[in-house]
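Peer 1: So the sequence lines, in the order shown, correspond to chains A and B. Residues 1 to 392 (our numbering) are what the first sequence spells out, left to right. Residues 1001 to 1525 (our numbering) are what the second sequence spells out, left to right.
If you are wondering where the hints come from, they were derived from the structure by calculation, not from laboratory data. Because the structure is a prediction, the values reported are computed rather than measured. The beta-carbon is built from N, C-alpha and C at its ideal position, and this holds for glycine as well. It is possible that some hints are incorrect.
[Said to hold, decoys possible] Chain A stretches covered by chain B per the calculated footprint, using a threshold of three residues with CB under 8 Å from any CB of chain B: (1) 102–116; (2) 259–268; (3) 299–310; (4) 331–337.
Spelled out, the chains give:
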Amino acid sequence: MKAYNTLSDFVRSTAEYGAIGRLVAFERRAHGCAPLRCGQRNVQILKILCIVLSVALIAAFCGVSHAGTLNVVTTTTDLRAIAQAVGGDHVKATSICEGNQDPHFIQAKPSYMMVARKADLWIRIGMELEIGWEGLILDGSRNQKIQPGQPGHLDASDGILRLEVPTGKVTREMGDVHPEGNPHYWLDPFNARIIAGTIAARLSQIDPTDAAVFGANLATFRTALDERMFGPQLVKEVGGDKLWDLETKGQLSGYLKEKNLAGQLGGWAGAMAPFRGQQIVTFHRSWSYFVNRFGLTVADEMEPKPGIPPSPGHALEIIEKVKSQKIRVLLMEPYYNRQAPDLIAGKTGVRVLVCANSVDGEPAAKDYLSMVDNVVNKVSAAFKSAPGQKEK
Amino acid sequence: MRSNIVWALLTVLLLTASPSFGQQTAPAQDNGTSLEQTVGSLKQQMDDQRKAFDAKMQEMQSQMDAMRQQMDEERKKFDDRMQETLRQMRETAAAPTVESSAEAAETAKAAASVESSAEVAATAEAAPDMEPSSEAVRETTAAASPAVESSAQTAQPSAAEQAENEALAAEVAKAMAPQQQGAQQVQPPMRAAGPGQSMNPDISFIADVLGHLTSQGNKAQPGNEFIFREGELGLQSRIDPYAKADAFISVGEEPDGEFTTEVEEAYATFLTLPWELQMKMGRFRVDFGKTNPVHLHAIPWVQYPLVIQKFFGDDGLSGDGVSVSRLIPNPWDKYIELEYQLFNPNSESLYARPDEPTMTNLLHLKSFFDLSKSSTLEFGATGSGAPGTNGEAAYAEGLDATYKWKPTQEGLYKSFLFQNEIMASQKDASEARQDAWGAYSATEYQLSERWFAGARYDFTKLPENESLHENAGSGYLTFRQTEFCFWRFGYQYNARNYKEAGSFTDNQLWIQLDFAIGAHGAHKY
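For reference, chain A alone in the conformation it holds in the complex:
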């Protein structure tokens, strides 16, 4: 890749010098020797035009090809973090969404089109999460590489474990229900593993020369993820693939007991194990995958239906439920208003836990692993602490 850089730089620089040399010659002839058929002003204008055009062209081409690194644009910060981990030095990943922004309601700013314009690969969450803005940005980008169907357009939901896929007719009477299932799937570490594989495969397709690097990065990412999920000790003894196999079949705890390894379970699974079966209340239906992976259940959501703001009647229902079922934690993203949750906390003593579910949503969530770390730490700490305390 280095050689590529120098060579293309060389070619470009000769072209530039050549261009400038020619401009100088052009100028000399215009000023000096040759008798001017047209007025000198015309030549001047032509000269300026020519310079402007050359500069614009140089600028345009310098801007387009950053030799050696793939420009990856993702819709969310989580995809950006995973793409960056898999791509390593060969990828420059940018996200459209900020980590503390509700990804449903992004406005298709023209500046996003400028970001997408230079992308070699566009990665989306899919499942209609970006339905309100993705198309406008892609059309506006005028970038043929990243249109749906092209190798430069990747839907990260391909092959993931989907939850809450509606089986009947979906209507808007149900609120903001996505016909292809709940799109907040990145909160399941198992899915992050699949997403990383999907991205690595696509990066290798676009840039086959670096396929080995992407493969190695993927392996590193998966090992790190497995160790955080189950603890390094257990991964060493059993192996990450086997552990996930057992976990997804629901046979992990049985297997560990059988092999006398139950004490070895560390990581997120270990931290969350004591709280299996616990009920929580969430704000939006966005924690389903996390809850599913770690054996919690969502008793209710602040929103009466997905995307419909909390109503007083529904808040009363939740207060009843929290009281009768002794629910201790109310989990919500930073971008929702905590007025209604605080009201319920005041009436019941449930703990309002504001927690980012995306990378960069809070300072502690720097990359994918630290983002899940942060969620697990906060949730387990909230369960551990006595109910009746409010988080400040």
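Given the coordinates of chain A, work out where chain B should sit on it, guided by the hints.
Peer 2: Quick look at chain B alone, frame taken from chain A:
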């Protein structure tokens, strides 16, 4: 002189060619020893991974066989049950219904069996890299095996799938109602879902209903009434890999009570032109300024600003023609778009001539700047003209500036808009040239998740007679129930230096309801 031009052209050509030249030759160059090393290690890695891949494939194959067997069994069971229920139905139900239900059963059965066999295929190919385009890559690249791994993993929860199949069979047996839909909807959790797999365009319908109170006494003007202003049927789809189509058919009540149907917009946009050009052709709302291209239901007011109404007609400027646009490259990497449009305008616009079609040219420049992550600034400039010889020429120019604020974290609850536009026109009227101008300034503030308050001030001269002018002030309160429905309360006070419907001033009070069904449209910024 001519040779100068030739030199300039050559320079440009050389510049254009150089980067691609560099790209083509570059990979051949690489430094020696480290290359060999990397190739060696690469080969080894690839061999290892290929072995792993083969093993996984075999494992998968055996899993697949098992699954296929299970599926066959399921299908047999299902068919048996179907036949049994059919027999029962025949026995119990009356003759005509038997026929129809048998038909329904047949189709349901067909759909279900097709579905189940499709499911096998789908789970087999759930791995994201199994697309034909990437199959070649899978053979050569090392990174393919992880993806196959994921497919092996996705194949695991087949038990759940089967439970679901059983549930489906039971459901079908229980009720012979239109089950085809149910059969289509039940799917293993891993499969990309099927809605929207048809070639039908995205269809939406947006209705705009207005309750209108006015102080104007004149019966010829819309008085105190409810009016179905517009029902807009939207059809949007890709035409082919090169173009997309947008069509909006509008049905509405005119002020005189007549209902009219018209093609509001219908155009094809060509998205894959060279040099990042985009072209559209058909009937479209003309890109004059910021507000004119926006549909009635998407503006933050009840009516278009006065200046647009007086210059271009109540519904704004639209035309039949062609439009070409390009992004202008600039060192700051900002969004700057230049657009040229050539069109025959609608009959109410200032360019229109009674006896012949008017060809109108328009040049529009749009620029966009991010001041911060939460605030943006947009500037636009428009120039347009319909030249003519015998006292018919008309020209119009416009400038627009828009400031928007929406914080990233609290964006659901807070936003602010400040939008301004000024326009000028020159029209050769029968006696003398009329130089008119008009402007509006509007603001909107989001009070909470669903409530928005806004205000607008309007001033405009009439393009046909520069001595006449009108101004207005209006206020709005909007309740956005959901993305798909809003209520708006509006009040407007108009004052003129001429009489309209017998009065210099009037007060208007509105209640507006807009609702949208069908495809989820995207909103322009």
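Peer 1: If a hint holds in the structure, say so; if it doesn't, say that too.
Peer 2: Each hint, compared with the structure:
no., hint, result
1, 102–116, "holds (count 9)"
2, 259–268, "violated (count 0)"
3, 299–310, "holds (count 3)"
4, 331–337, "holds (count 4)"
Checked against the numbered hints given earlier, this structure breaks only hint 2.
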